[in-house]
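Student: Make the full structure from the sequences, and use the hints.
Quick note, the sequences are listed as chains C and P, same order.
This note's numbering puts the first sequence at residues 1392 to 1503.
This note's numbering puts the second sequence at residues 2 to 113.
Treat the hints with care, since some could be wrong.
Chain P is faced by these chain C residues, among others (derived, beta-carbon under 7 Å) [unchecked claim]:
no., residue
1, Ser1421
2, Gln1424
3, Pro1430
4, His1433
5, Phe1436
6, Phe1493
7, Arg1495
8, Gly1496
Hints in this document: simulated from the structure, not taken from any laboratory.
Backbone N, C-alpha and C fix where the C-beta goes; we use that ideal spot for every residue, glycine too.
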Amino acid sequence: GQQVMQIPQYQHVQEGEDFTTYCNSSTTLSNIQWYKQRPGGHPVFLIQLVKSGEVKKQKRLTFQFGEAKKNSSLHITATQTTDVGTYFCAGPPTGGSYIPTFGRGTSLIVHP
Amino acid sequence: DVKVTQSSRYLVKRTGEKVFLECVQDMDHENMFWYRQDPGLGLRLIYFSYDVKMKEKGDIPEGYSVSREKKERFSLILESASTNQTSMYLCASSSGGARGYTFGSGTRLTVV
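Tutor: Written out as structure tokens, the structure is:
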């Protein structure tokens, strides 16, 4: 079945440093979604990318969808302590079920 | 804002008990989902429903059943709770569009 891998599993940064998490799927995706889960909270939808090569920005967050629609990345510029949490990617396979498979997430720890 | 409400935040049940987890959404979404979240394993889909009285198995349906008698309510049933079902259970709903999933706050179930 479809597999969605995320790396790294954990990332420690000093406040102000940049952070990137990568998402790779074993199959082509029809879209990619990103979620953030704060410690003790629930996943919250951030964004969806649909087009090959698409790039979207939300303030300090930049999301990219690969040309082959099999990978994606989330980059945070100048991290803040409010960025702490686990970031999940999720995407349904092209032409298959519309249900997205979630990656296992990258946990970001920001040290002040 | 869409709200997904889960009836209990914390629950402790005994092995062998029948357990009901309730989820209600208020935005007329067709699709509803039940996930369990365990450390290091991410979000795993148990069951989902795309319409009233319709249900589909997810990746880990064994030991669970679901009920969707009304559009806004999706119930997860543990027929005979076991200790390996101790987990965080997350309900989600979606309209299927570009707004992703809206998750409830989760129910942390402990089976003793």
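Student: Would you check whether Gln1424/C satisfies its interface hint, that is, whether its CB is within less than 7 Å of any CB in chain P?
Tutor: Nearest chain P Cβ about 5 Å off; hint holds.
Student: Using Cβ atoms only, decide whether Arg1495/C comes closer than 7 Å to chain P, and label the hint accordingly.
Tutor: With a minimum Cβ separation of about 4 Å from chain P (threshold 7 Å), the hint on Arg1495/C holds.
Student: Please check whether Gly1496/C passes as an interface residue: C-beta within 7 Å of a C-beta belonging to chain P.
Tutor: Holds, because the Cβ-Cβ distance from Gly1496/C to chain P comes to roughly 6 Å (cut-off 7 Å).
Student: Just to be careful: measuring from the Cβ of Ser1421/C to every Cβ in chain P, is the smallest value less than 7 Å?
Tutor: Violated. Min distance 12 Å.
Student: Under 7 Å is the threshold here; is the Cβ of Phe1493/C close enough to any Cβ of chain P for the hint to stand?
Tutor: holds (4 Å)
Student: Let me know if the C-beta of Phe1436/C comes in closer than 7 Å to any C-beta of chain P, holds or violated.
Tutor: For Phe1436/C, the interface hint holds, since the closest Cβ of chain P sits about 3 Å away, which is under 7 Å.
Student: So, as I understand it, the hint says His1433/C touches chain P; can you test that by seeing if any CB pair is closer than 7 Å?
Tutor: holds (4 Å)
Student: Holds or violated: the hint that Pro1430/C contacts chain P, with Cβ atoms closer than 7 Å.
Tutor: Not OK, violated: Pro1430/C not within 7 Å of chain P, min 12 Å.
The structure fails to meet hints 1 and 3 from the earlier list, while all remaining hints are met.
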